[in-house]
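Please build the complex by placing chain B on the supplied structure of chain A, with the hints as guidance.
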Amino acid sequence: MPSKIGVVGDKESVLAFKMLGFSVFFASEAKETRRLIDSLADKDYGVIYLTEQLAELVPETITRYDAKMKPAIILIPNHAGSRGIGKKRVQQNVEKAVGQNIL
Amino acid sequence: MAKLNVNPTRMELANLKKRLNLATRGHKLLKDKQDELMRQFIQLIRKNNELRIEVEEKLEKAMQSFAMAKSLLHENYIEELMAVPSRTVSLNIDRKNIMSVRVPQMNFHYDDNVSDSKDLSYGYLNSNGELDLTFEALTEVMPKMLELAEIEKTCQLMADEIEKTRRRVNALEYMTIPQLEETIYFIRMKLDESERSAITRLMKVKDMGQ
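Protein chains in written order, with this note's numbering: chain A, 1 to 103; chain B, 1 to 210.
Next up, chain A with everything else stripped away, as it sits in the complex:
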């Protein structure tokens, strides 16, 4: 079953991904982001890359898709640098599964 790859973020950071053949969408505030993610999830997108700046605004939307197989929402830094949210999510997974942080 073919799926698509989407990128959501601010224009400065994610426009470049268009060259790689990903579908790129721009958002700058929480409402827009939420609507975009929900519509992408509906439309058979398998992977959605989301910048950490936007992820910070819509944490509950992201957790909603955590337990589902599709889409995979993956956080990426933007041009201003990483905020460590992506790494924190990995460590949360470890803590949830193992009971303490072993990384």
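Pairs of lysine-lysine, DSBU-like flavour, derived with a Cα cap of 30 Å: (1) Lys31/B x Lys96/B; (2) Lys68/A x Lys58/B; (3) Lys33/B x Lys70/A; (4) Lys68/A x Lys164/B; (5) Lys68/A x Lys96/B; (6) Lys68/A x Lys31/B; (7) Lys96/A x Lys58/B; (8) Lys164/B x Lys88/A; (9) Lys144/B x Lys88/A; (10) Lys70/A x Lys58/B; (11) Lys47/B x Lys87/A.
To give an idea of the chain A side of the interface with chain B (calculated C-beta under 7 Å), a few residues: (12) Pro2; (13) Ala16; (14) Met19; (15) Leu20; (16) Gly21; (17) Met69; (18) Ala72; (19) Ser82; (20) Lys96.
In case anyone wonders, no lab produced these hints; they're calculated from the structure. Computed from a predicted structure; not experimentally measured. Glycine included, C-beta positions come from ideal geometry on N, C-alpha and C.
Relative to the frame of chain A, chain B by itself:
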């Protein structure tokens, strides 16, 4: 530990024994599942962590150089350059089963005839060297990004499942099994006691008759 609220009868004893048997078997199976999940999870999560650090670092650099390239050009030109993607990537998602956790298995197909990464599809006019560098960096990091997507999602799903399994194992180990054992012990004692009292009564009755 509280015993269950049941009547101390033979019938109930048989039922409880059956339940205890089932619970013990379920506990063993779940425990095995948990151990195996944990083993695989730890392997994956280490890889996940390394990949994420690497990808974040590279992406940040690529984005910075893109911001640089963008600042040197007019916005319209950039959008024009990006209008026709030079390559396409398609994604197929299959399901894989790790210890009954359904995780996605992502197969990526790059369009092969344009996958020569040095082949830039835009003109020299209205573009600049920074853009070329950005593109090169992004091309390099893309396979890693896709791999990260698969591994991170898998880890997420597995972490959920491990947590659920652990709860079940603990509930069986510390609640259900001790309760059943205690109740079985209680019923057995009660039955023994009533048997002894029946014998005593019979002996008494016999004495009275003589």
